[in-house]
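Please work from the sequences and hints to get the whole structure.
Just so we're aligned, residue 27 is where the sequence shown starts under the numbering used here, counting upward by one.
Just to be clear, a hint being listed does not mean it is correct.
[Claimed, not checked] Below, a list of computed lysine-lysine pairs in the DSS-like style, where the Cα atoms sit at most 27 Å apart:
(1) LYS413 / LYS439
(2) LYS486 / LYS533
(3) LYS484 / LYS438
(4) LYS652 / LYS592
(5) LYS533 / LYS484
(6) LYS413 / LYS583
(7) LYS636 / LYS438
(8) LYS636 / LYS436
(9) LYS438 / LYS413
(10) LYS654 / LYS641
It is worth saying that the hints were derived from the structure and are not from the lab.
The structure presented is a predicted model; accordingly, all values stated were derived computationally and were not measured.
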Amino acid sequence: MVRWQIFPEVPGLLLNALLPLQQENIAQHIGWGNLAQRFDIILVSLYVMAGVGGLGHWLLRWIYPQGVLDTLERIVFSFAIGISAWSLITLFLGLMGFLSRPLFMGILLLFIFVESGRASRKRTLPNKKSDQTKKEILHNETSLSSWLSRLCLGVMGFFFLWMFLGALLPSTDFDVREYHLQGPKEFYQNGAVSFLPHNVYTSFPFLTEMLTLSAMVVRGDWYLGALAGKGLLVCFAPLTALALFCAGRRWFSETAGWLAALIFMTTPWIHRISIIAYAEGGVTFFLFATLFAMMIALEKTNFANIKQRKRQLLFVGMMAGSAMACKYPAALTVVIPLFSVVSVAGLLSEKEMKKRFSVTLQSLCFMGAGLLIAMGPWLIKNTIETKNPVYPLVYSLVGGDHWDAAMDAKWKKAHSPTHHRLTGNRGMIFWMEDLTARSDWLSPLLYAFAPLAFLVMKRKRMIGLLWLYVFFLFFAWWGLTHRLDRFWVPMIPVAALLAGAGMTWSKHIVWKSVAGTCCAVVIFFNAGFNVSALCGNNSYLYDFSYLKDRETSPSFKLLNSSLQGKEARVLCVGEAEVFNTEFPVVYNTVFDDSIFQQWTARDGKDQANKDIPMKEATAIRERFRKEKITHVFINWEEILRYRTSYGYTNYVTPARFTLLQQM
27 MVRWQIFPEV
37 PGLLLNALLP
47 LQQENIAQHI
57 GWGNLAQRFD
67 IILVSLYVMA
77 GVGGLGHWLL
87 RWIYPQGVLD
97 TLERIVFSFA
107 IGISAWSLIT
117 LFLGLMGFLS
127 RPLFMGILLL
137 FIFVESGRAS
147 RKRTLPNKKS
157 DQTKKEILHN
167 ETSLSSWLSR
177 LCLGVMGFFF
187 LWMFLGALLP
197 STDFDVREYH
207 LQGPKEFYQN
217 GAVSFLPHNV
227 YTSFPFLTEM
237 LTLSAMVVRG
247 DWYLGALAGK
257 GLLVCFAPLT
267 ALALFCAGRR
277 WFSETAGWLA
287 ALIFMTTPWI
297 HRISIIAYAE
307 GGVTFFLFAT
317 LFAMMIALEK
327 TNFANIKQRK
337 RQLLFVGMMA
347 GSAMACKYPA
357 ALTVVIPLFS
367 VVSVAGLLSE
377 KEMKKRFSVT
387 LQSLCFMGAG
397 LLIAMGPWLI
407 KNTIETKNPV
417 YPLVYSLVGG
427 DHWDAAMDAK
437 WKKAHSPTHH
447 RLTGNRGMIF
457 WMEDLTARSD
467 WLSPLLYAFA
477 PLAFLVMKRK
487 RMIGLLWLYV
497 FFLFFAWWGL
507 THRLDRFWVP
517 MIPVAALLAG
527 AGMTWSKHIV
537 WKSVAGTCCA
547 VVIFFNAGFN
557 VSALCGNNSY
567 LYDFSYLKDR
577 ETSPSFKLLN
587 SSLQGKEARV
597 LCVGEAEVFN
607 TEFPVVYNTV
617 FDDSIFQQWT
627 ARDGKDQANK
637 DIPMKEATAI
647 RERFRKEKIT
657 HVFINWEEIL
667 RYRTSYGYTN
677 YVTPARFTLL
687 QQM
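Written out as structure tokens, the structure reads:
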């Protein structure tokens, strides 16, 4: 199915979102009254977000110089630094075993009161800013009186409503139920953040997952807390849109800012990423926050005056570190280009070579300090737990515990590009077309209008650098990753800023009419597309209990009901998507050692040999008794899938379990 075939169905798709079709067998589970079931988790999300905002405002006053940002820009950076800091606070408290509901609620409440009280006092005190500072800030303040601003806010509000409702739904994605939510669930149930040797993914930097963990703690429930955590993660979308508006307004025009934010918020990919608890939403926000902060730091006054810029550069480094704390690939897409650009700027800032190196070195030191503040704790945690700061990466260079050469080879095979052909089947040209035109969840507005930014009469150098960054992000994704499409989503706000500027290249009435018509048609289509099942789970008005039951696999539903209230512990073989289990479970991901093989085989490491003998029956029974295993669950469908993709130990065969039953 292609877009033009979907377009006639858009009115029906929108109507179905508002008034879902009442199928006879599930009619009793659908209705607007079910929204009341969401109030609980919405309040948790709002409470945590309010505390994070208060924390961020407090930190920004200390870190960032006054008089540089206007109100909206300070809001963007306040939430950016607040989110980063709160994730680290959650990490520290979790590592110490202090996942206490009163403690978390108290810390958040403290920052809510501190900043709300300060805001109240500020309104009653005379403003002591200099006249010049007032003029600069007022010049950048936006007015909501224009028809464009009201229209854009209304449209973005409509898109965010469905985005938010979608985020509050139970998760259906494999990766989410394997580690994005399962990791925080295990930390919550264990009462501490600790190393999980059976789930390698939980050793990744977990900035966004720490937000989910904090929501679990505040709610006092891992399942509802996970949904509240998704309600936090969806906020990355409007925060990125606000940053786009601020950037567009600062460097191009207010109209360009509105259009950039509008294009971003109406892109189906943003809806899809926001309703799934992936880390890409956080990476997208922090990538653009880093870019925005760096562009501000490099503009206006002489770059060589490092004293004026040290706090800004420290903040830029913290934003880059926060991006990397969301996902390792941000080291390539954010940290490296950031340090490269600032290095070049430093080397061009002075005539004397000695001063050039001095300025560059100082700049990199301040940014490096910021990077270590935001990312350092994750590196230290991994170093202590595995002797590899970026576990499980670069094993061939630094080694480490809990990993070996065979596991590393398996990991690299699954997470590296298979080829680097320029043309032909899935060559570079194919992927470039996919990223710019063919992707199911792409907005045509992005790359239809972004090239027109070159026609804008001002900021030519900035436009060129932004395009250079877009190309760098594409080549980094194509050349160094395993080319999952969601990995290139963080480049969307950069393209959206260019598209917003490109739409304003001419003020002629004909161009405005053409651009406005194109924009309206695409946004109308995206509205229907986003709220449909084509873009993700769209059970917005369904009963929560029904949804939870529907999204739990039949096997786990059976085990959840039959083991309820019993002292049971299940060993899962081939199954790692265990978030919906309501009983104690032992499992491992496909990239970790097979726990079943470790416990039952005489050689627990050899995955290639299917003829490895099993241990004696008494030894196996004793190990199961020691581990309190009462049931063994095998997912043969997943095992077959793994064997045709990533690879799976040959030790696991039906004959093993026949033998196990006979013991």
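Comparing the hints with the structure gives:
no.: 1; hint: LYS413 / LYS439; in the structure: 23 Å, holds
no.: 2; hint: LYS486 / LYS533; in the structure: 18 Å, holds
no.: 3; hint: LYS484 / LYS438; in the structure: 45 Å, violated
no.: 4; hint: LYS652 / LYS592; in the structure: 18 Å, holds
no.: 5; hint: LYS533 / LYS484; in the structure: 14 Å, holds
no.: 6; hint: LYS413 / LYS583; in the structure: 39 Å, violated
no.: 7; hint: LYS636 / LYS438; in the structure: 23 Å, holds
no.: 8; hint: LYS636 / LYS436; in the structure: 18 Å, holds
no.: 9; hint: LYS438 / LYS413; in the structure: 19 Å, holds
no.: 10; hint: LYS654 / LYS641; in the structure: 18 Å, holds
Hints 3, 6 from the earlier list are contradicted by this structure; the remaining hints agree with it.
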